[in-house]
Amino acid sequence: MVATVETISAVEEATGKYKYGFVTDIASEKAPKGLNEDIIRFISEKKSEPEWMLKWRLKAYRHWLKMPEPNWSKLSIEPIDYNDIHYYSAPKSAEKLNSIADVDPELIATYEKLGIPLNEQKMLAGVAVDAVFDSVSVATTFREELSKAGVIFCPISEAIQKYPELVKKYLGSVIPVADNYFSALNCAVFTDGSFVYVPKNVRCPLELSTYFRINEQNTGQFERTLIIVEDGGYVSYLEGCTAPQRDENQLHAAVVELVALTDAEIKYSTVQNWYPGDENGKGGIYNFVTKRGSCRGDRSKISWTQVETGSAITWKYPSCVLRGKNSVGEFYSVAVTNGAQQADTGTKMIHLGEGSKSTIISKGISAGKSQNTYRGLVEINRGAESARNFTQCDSLLVGQLCGAHTVPYIVSRNPSGKIEHEATTSRISEEQLFYCLQRGISEEDAVSLIVNGFCKEVMKELPMEFAVEAQKLIGISLEGSVG
Amino acid sequence: MSILEIRGLKASVDGNEILHGIDLIVNPGEVHAIMGPNGSGKSTLSYVLSGRAGYEITGGDILLNGNSIIDMEADVRARLGLFLAFQYPVELPGVSGMSFLRAAINARLREENQEEVDQLAFVKMVRAEAKKLGISDEMLKRAVNVGFSGGEKKRYEILQMALLKPIMAILDETDSGLDVDALKIVSEGVNLLRNPYRSMLVITHYQRLLSHIIPDKVHILSNGVIAKSGDKTLALQVEENGYSGIDDAA
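From first to last, the protein sequence lines are chains S and R.
By numbering that gives the first Met the number 0, the letter at position 161 of the first sequence is numbered 160, and the numbering carries on one by one without gaps.
By numbering that gives the first Met the number 0, the letter at position 182 of the second sequence is numbered 181, and the numbering carries on one by one without gaps.
No incorrect hints appear here.
Simulated restraints on C-beta separations:
#, chain 1, residue 1, chain 2, residue 2, range
1, S, K32, R, G146, 58 to 68 Å
2, S, M66, R, D13, 55 to 65 Å
3, S, R426, R, E55, 15 to 25 Å
4, S, N279, R, G146, 36 to 46 Å
5, R, E114, S, T424, 39 to 49 Å
6, S, R426, R, N26, 38 to 48 Å
7, S, K281, R, I56, 38 to 48 Å
8, R, E72, S, D277, 26 to 36 Å
A few chain R residues that face chain S, going by a derived Cβ cut-off under 7 Å, partial list only:
#, residue
9, S49
10, R51
11, A73
12, D74
13, R78
14, L83
15, L91
16, V94
17, A103
18, A106
19, R107
FYI, nobody ran anything at the bench for these hints, they're computed from the structure.
These numbers come from a predicted model, not from an experiment.
Quick reminder that beta carbons are idealized off the backbone N, C-alpha and C, glycines included.
Just chain R, same shape as in the assembly (with noise of 0.2 Å):
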């Protein structure tokens, strides 16, 4: 069965139709990119894939696990293993990362019916996944994304993922606003996450991401709609010819 099943999805915003029937099937595993230009509706459709207020789902459904999620509240969605990983991490003054983190974790157990993790456990677990990125004990002491540079606000992204270990793990432009070194961190923390269980959709405007993270699938997004799936090669095409050139081609 697929981990994610996309059903002739359509969605608005404020009344505007972006979306206009998205069919996508993720197995297992499977690492999908989707790619398009500016306002293709590629943040519209992480958003409506999580359950964000304010984008309406107009016909069609989403599968997660083989169940419908649409009716569902972005929380509960997260907590069946749903995880965005944001373009742009908000900022949350005051609360302190720790304590974030362990309330994710928690609600998350608790969905499962486990017992919740106790403080010294839940320290040593962030302590040694965080160090896998590269994150110190003072970043993580810190209000959650609060004076971060955009480096470590991805990285943090990365590292919400590896505690709380989705099945479905959306990231949004993770590659906007990094360098080259910081790139390299973060895909290198993404693909310390890739295996058999956990399936990804990695939506990016560049290609230069998916040299880091292969896909094992590329969709282009344009005008709300998927105008041509291939394999990693499609990528390369993009980057030759830009977006133009796959348009006509569809």
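In isolation and in its complexed conformation, chain S is listed as follows (with noise of 0.2 Å):
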């Protein structure tokens, strides 16, 4: 209710289309241009990584090379030179920090300016946060009450070293080093992200949450996570993500990993904003994201919620492979595109387990001339016995020169199983525009109102102290789309 009542305060308070396309002015050590296997051994030294991680990464690399690039998704996506990128960066100040008085001050100040304190007097009640900018973690907040409550959140390098059994133990245990050509690249040469370990029966007392920020130039992000909660625990956690202005598009390849045993829940939420390159459609991040979770344990839930506004291309289907007898898969999505945005965005939700349920949620929003589409798989399997699957796709067009698609892929292989798929398309009418207009409210104002009404079963999915900030995000996105 608030949060749905201060959207138009909220967007007013907003101004400037992209406010975050600022660069920081700090001195960086890179890795040289380029990809090969001196550079992977590069990455792997300067995180100071044991060798069984280098040998993974080799062999995630090699594999790499033998695949070829994708393109089943309906993007048109320029070539991308990938020897054209730095694939490590790091502000020269970062290393080897034990608390946040140590962190650059420019640094600090680069994500007070993003809204995201590190300050833990500042910040948001109840959200511990972990900052990584370009390729390294630069700081982890609240990581003391966590321990109390023997939740482990820390950078997915230090948990490498620190905690090398669970990390051996479940990277790569959802999402095989070579699954897709996205991921197999992330895994040669992922430089950091997060890591969360909730134990038996622990109810993460704060939200967790990660701030990813590219900076440098042509360099690629190529964060890796990885949440496992153990039975009975819970945790929610949220990815926010934003990079400057360019005009040459920058590479953005992540892989998430969830895995949720006996009665566990994971709540995950992303709110997408990286720069979408300007209205013709010049920079802007190319975001190639390989997102999945485990329900292995029976009665297991993982919740994905995503609200995708940024982004020159989107290519991202966080999934659920629901093992777990009477286990739950949840997908809610906002994706906004404006200018020349692309997104091919969706879930797959793979049944395996006796009584799994899973939910799809999915509201595209195309405005200006970008393409928007939905793209989602709901499997059942053989021994998945009355799994049931409830999917909705709506589609909102503003405007007459963009596009919006939906592309569901159904497969059943056991009698009793249940899927239910409904679908809209629809537009804002000049009814709408002007029955708001007459009521003394700016087209503008009525646009962010209409899409949130539309949007409002994915909002109500975010976290309060983020469902703001999300409905801002939504109304600035489409600024300028209509008339």
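Both chains are given apart, each in its own frame, so use the hints to dock them into the complex.
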């Protein structure tokens, strides 16, 4: 209720189209451009990794070399020169930090500007943050408070050294090394990301959040996140992303793996606002992300919520493998495209366990001359007795030049399975706009109201602290889309 | 000074002239009725006055409070105190009624350089006005006009009018689709809002609304011009003789 009421004033507060487009002027250490085994060794050495980790990376790289780039999506992409990218970039001052007090003030200022204060006194109550700047994690807050509850929340580079058994056991266990082209690339060159471990029967006392920032030119960001929740545990995790405004495209290929054991629950939310490029499609982030959760235990639950407003190209299908009996997978998505943006996003719900259930609610909003595609797979396998799925896919068109597409794949191998699919396509009508205008509401506020109304079912899944921010973002993303 | 002055207004839709030169003066506190048969240009007049896209003014002028508004966008006119109660109120799926009403009120307040209304005071104010119109809290929680009955939609229009406190309200066929009881509630709501600073233009096809909302003046619109003006007895003549009888008289 409160969140929706605040929409208008929130939209007004925010001025400027992409306000995160600034660059932080900070000395950085970069690997030379290009991708080969030496670069991978360099990254591994920079992170002081054990031998097994380097071997894993090299194995992935050798796989990647043999793989073709995927071309099944409805995206038109300029060819990517994988040798014209820096695979490692770190602020010089960012090494070996023991506390927030040691973080370069320039970096703290950057995150403040982004609305993410790293100073614990100023922080949103109840949210712990891991801040990843280019290739390294620069700060993780509230670690002490979390460790009291037994929760581990740290950069994955640190987890590799401190908790090698956990990492070895779970890394790549949800998304195998050679799963797809971009995940294989990530396995070879990933630099940092977050690691979360919630022990048995622990309800994580804080919302966990990672904030990803690409700063350097010609760099790619390849973050890797691994979240493990033991029996009966619970965690809610949120990631946010921004990048400076640049004329060339930058590559972001992340991998996120979630593991939920018996009765465990993971709620994973994303507010993605990478630089989308200008309205003619110059610049912007190429966002190729592989996210998958494994509901391994009985009655386990994984819920993905995403609000995608940024990136020139979004290629992303957060999925659930529902192995456990009566396990639950959910996918709530709002994808907004404007200007020349292209999004091909959706989910995969793979039902293996008896009585497993999944829900998919996808809201696509296309404006400008953008293209927005929902692509989703629902697969009920032989052993998934009485599995159920409900899918609702709604598209909203703003203007005459954009496109909305829905590509559902439905596979049922068990006659007791139940699959429902509903889809609608609508347009913001002139009548609706005039009705709002006649009440004195400006056209931009009217669009924002109508669009936020359209996405309401998804927005209410976001943690409260971020719902307002997300509404604001949707308003800004659609600025200038009507008239 | 008059609240609304229409001078020789000509307007077209898709290149077809619908209004052929309309003159009308509405003074503060006056309620004028515009009656006319289907296709006479009644709804066109309400859209032209409120600034809907697609309705092109080809001649004349419209003054609100002495200022020409024909070059203003619809939202600007609304913020200056022009209100249109729609014949067919529009559904806004998912948009909560409360956020919609609040956005509208705050837009108006900002225009007048006043502070925005705070959440608590706002809820109180809406509930108080809603009660007078027999609008339940449950209805206020729903999305704007979604799943409302015809009568509920019209009451909701009057609620918005009560909250936005316009100086000039246009009621476009507010009686259409209402049964006798609903018509009574809506008319009472409107009568409560009559005051010396608020003028109204009541557009209707039938006389029956005007026995609830008693107009100061009645105008007959026919073929895009005002064919005849008079007092409330003119409406009764229409009831008796039909519009054709009036046309002959004009």
